[in-house]
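Participant: Here is how the chains run, residue by residue.
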Amino acid sequence: MTDISVYGEGLVKNYGKTEALRGISFSVNKGEIFGFIGPDGAGKTTLFRILTTLLLPDAGDASVEGFHVVKDFRHLRTILGYMPGRFSLYQDLTVEENLKFFAGIFKADISKNYHLIKEIYDQIAPFAKRRAGKLSGGMKQKLALSCALIHKPEVLILDEPTTGVDAVSRREFWEMLIRLKSQGITILVSTPYMDEAILCDRVALMQHGSIMASGTPDEIMSSYPHRLFKISTDRTLELLSLIRKMNGIHSAEMFGSDIHLSVADAETGIEEVGEYLRNYGFTAEKPEEAKPGIEDCFIDFMKLNQTG
Amino acid sequence: MGNNEYVIEAENLVKKFGSFVANDNLTFKVEKGEIFGFLGANGAGKTTAIRILCGLLLPTSGKITVAGQNVYTQTEAIKKQIGYMSQRFSLYEDLTINENFRFYGGIYGMSRIKIKEKTAEMLDRLGIESLKNSIVASLPLGIRQKLSFSVAIMHSPQIVFLDEPTGGVDPITRRQFWELIYEAAAKGITVFVTTHYMDEAEYCNRVSIMVDGRIEALDTPRNLKDKFQAKNMDEVFLKLARKAG
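Protein chains in written order, with this note's numbering: chain A, 10 to 317; chain B, 89 to 333.
No lab work stands behind these hints: they were computed from the structure. All residues carry an ideal CB built from backbone N, CA and C; glycine is no exception. Hints should not be assumed to be uniformly reliable.
What the hints assert, rightly or not - Label-pair ranges, simulated between beta-carbon atoms:
| # | chain 1 | residue 1 | chain 2 | residue 2 | range |
| --- | --- | --- | --- | --- | --- |
| 1 | B | 314 | A | 259 | 31 to 41 Å |
| 2 | B | 214 | A | 27 | 14 to 24 Å |
| 3 | B | 180 | A | 295 | 40 to 50 Å |
| 4 | B | 99 | A | 278 | 50 to 60 Å |
| 5 | A | 276 | B | 180 | 45 to 55 Å |
| 6 | B | 145 | A | 118 | 43 to 53 Å |
| 7 | B | 209 | A | 12 | 51 to 61 Å |
As the list claims (entries may be wrong) - Once the Cα atoms are required to be at most 20 Å apart in a straight line, the calculated EDC-like pairs of lysine to aspartate or glutamate come out as:
| # | chain 1 | residue 1 | chain 2 | residue 2 |
| --- | --- | --- | --- | --- |
| 8 | B | 319 | A | 204 |
| 9 | A | 239 | B | 322 |
| 10 | B | 313 | A | 267 |
| 11 | B | 313 | A | 243 |
| 12 | B | 327 | B | 314 |
| 13 | B | 327 | A | 184 |
| 14 | B | 315 | A | 243 |
| 15 | B | 319 | A | 267 |
Unchecked claim - Chain B stretches covered by chain A per the calculated footprint, using a threshold of three residues with CB under 8 Å from any CB of chain A:
| # | stretch |
| --- | --- |
| 16 | 255 to 269 |
| 17 | 275 to 287 |
| 18 | 320 to 330 |
Chain A on its own, in the form it takes in the complex (with noise of 0.2 Å):
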C-alpha cells in the first residue's frame, strides 16, 4: 500500500440541499498524473478542497501521503502545493514579492528548490518587478504554479489550470506538468477539457459528485460497449437528424467535421449505415470504424446515468 499517495474514501459534502460530493473513492498513486475530469458542477473544486484541507467533508475518510486531511491538516499543508482556480495570489505584491512570500510562509530556500521551477520561473524572471495583477493571463498562471511548487511538495493539486486558456497555452501547460512528473511529484489536476484526459497516467470521470469512471484513459476507452462508426460529412446536422431516427442505432454524436454513431446491434454493420446514407442521398459520406475516444465514453456514461 506504500505506493499510493492521495486516497479517498466515500467522500460526502452537501452545501444546503446541494450535493456537491456523493460518496466518491479513488486513489492515486505516487508520482502519477491522476485527472479528475469533468464539467462545471462536477465536484472536482470541493474534492480538492477538501484534499488541500480547507474543508471539511460531511462524511468519508481521505489522506494524503499517509496523512489524514482532518486530524493531520497542519502538517498536510506542508507537504501540498495547491493552484486553486481562481488567481489567488497577492495583485499588489510583485512577481517576485509573491515567490519570496510563499517561501517564505513554508521556510523554503528559494535558491535549494530552484531547480524545480527554473523552466516556469525563467519566462516571468524579466517582469519580476512587475507587480502580479498587471500580468497577462498566461504569466500568472506561471508564477502561481511557480508559487505552489517553490517549498517543494510532495503532491501537487490543480485546480483547472487550463480553464479558458487556448488551444497552444494548454499544450504548453501540459508539457510543463510531464516535466514536474519526472521530477516525481505527484500531481493531481482537474479540467473540463475531454482531450486533456489521455495525457494523465489515470482518470476519475466525474459529474453530479460521482466518479462515473476511473482507470488509464486506455482502460477507459477500451471499455466503451458499442461499435462505434464515424462519418466525415460538411452537412452535420441534416446528417445528425437522418441518422438518429435510423433503426439500430444507438447514439448519434457531432465531432468537429464528423459524426460519431455508435450502434445497438450487431446486425447494424458499416454496409447498413452506407446503404442507408445513399438511400436518403447522402453519397459523399461514408461511414469507418472508429476508435472511441475519452469524449464519447463520456457522454456514453452521462447517457447511462441520465436513464438509469
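Dock chain B against chain A, hints included.
Facilitator: Below, chain B alone, put in the same frame as chain A:
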C-alpha cells in the same frame, strides 16, 4: 447565405492602447445568418475587437459598420441590434426564469405581449415550461447555459456575440448548445462566436484566426485544413498560433 448581405463590415480596423497595437488592420465581412468563428490565442486581441463591434469601445481608426450602423457614431443603435452572451452566465441568479425574460425584454424595449410570446416560444424549445417560476440559481448549469443564449436572442437581434459560451460545460450540453446556434443561424441571426474548443471551430461556416493583433487566416474550416495541410482545426490553430511571439 451567399446573397452577400453583410451585417458586419470592417475595413482596416485599428485599435491602439498607447503604443500597444491590440488590433492591427483587421479587414473582414460577416454575412447575414453566418456562423462566424473568431479564434485566437489569449491576448491576441479578440476581446478588444468584440468590444468595438458591440459599440462598447471606440476604434482608433478604420471603417466599421455593424448591422448597418457606424461604430463611431451610432453605438446606441448597434446595441439594440445585437445580443451578447459571455462565458459567465448573464442571467440574474436570484430571479426566476420568467423574471429574467421580463427584465431583458424590458431593456430591449419589447412589449409585454411580445415578451410573453417569446418567453413561451423559448421555453417550449428547451422543453422547460414547467420551470418558468424557478429561481435561476436552482437550475442545472446546462439549462442555465441554454437559457442565457435564449435570453440573448429573445429580441431577435441581427447579430449575437457569444464569448466562449461553452466553457466548462459537459459534452452533451455543449452539443445541444451548438444545435441551438444552428437553429438561430437558420432563422437569419448571425452568430459571432469565440471558443477554445477546436472541434467547435469545425461547426462554423467560416473561421478567422487572430495572432498578435492581426487576422492571420480567414476561410471555411475545410479550406483552412487544406491550405495548412492539417487533419483538423486544432492543427491549423497550432500551426498559426505557435508562430506568435
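Participant: For a C-alpha distance cap of 20 Å, please report whether residue 319 of chain B and residue 267 of chain A respect it.
Facilitator: holds (12 Å)
Participant: Is 45 to 55 Å respected by the C-beta to C-beta distance linking residue 276 of chain A and residue 180 of chain B?
Facilitator: About 52 Å separates the Cβ atoms of residue 276 of chain A and residue 180 of chain B, which means 45 to 55 Å holds.
Participant: Need the status of pair residue 319 of chain B, residue 204 of chain A: alpha-carbon distance at most 20 Å?
Facilitator: holds (16 Å)
Participant: If you draw a straight line from the CA of residue 327 of chain B to the CA of residue 314 of chain B, is it 20 Å or shorter?
Facilitator: Within the cut-off at roughly 13 Å; holds.
Participant: According to a criterion of three or more residues whose C-beta lies within less than 8 Å of a C-beta of chain A, is the stretch 255 to 269 of chain B covered?
Facilitator: Contact hint for the stretch 255 to 269 of chain B vs chain A: holds, 10 residues under 8 Å.
Participant: Can you take a look at whether the stretch 320 to 330 of chain B is actually covered by chain A? Rule is 3+ residues, C-beta closer than 8 Å.
Facilitator: Held - the stretch 320 to 330 of chain B has 7 residues with a Cβ nearer than 8 Å to chain A, which meets the minimum of three.
Participant: Using the beta carbons of residue 99 of chain B and residue 278 of chain A, state whether their distance is inside 50 to 60 Å or not.
Facilitator: Holds - the Cβ-Cβ distance for residue 99 of chain B and residue 278 of chain A, about 53 Å, lies within 50 to 60 Å.
Participant: Residue 315 of chain B and residue 243 of chain A: Cα distance at most 20 Å?
Facilitator: holds (17 Å)
Participant: If you check the beta carbons of residue 209 of chain B and residue 12 of chain A, does the distance land in 51 to 61 Å?
Facilitator: holds (58 Å)
Participant: Are the Cα atoms of residue 239 of chain A and residue 322 of chain B separated by 20 Å or less?
Facilitator: Given that 20 Å is the threshold and the Cα spacing comes to 18 Å, the pair holds.
Participant: Does residue 243 of chain A sit within 20 Å of residue 313 of chain B, going by the straight-line distance between their CA atoms?
Facilitator: holds (13 Å)
Participant: For residue 180 of chain B and residue 295 of chain A, compare the CB-CB distance with the range 40 to 50 Å and indicate the outcome.
Facilitator: Once the Cβ atoms are compared, 49 Å apart, the range 40 to 50 Å for residue 295 of chain A and residue 180 of chain B holds.
Violated hints: none; the structure is consistent with every hint.
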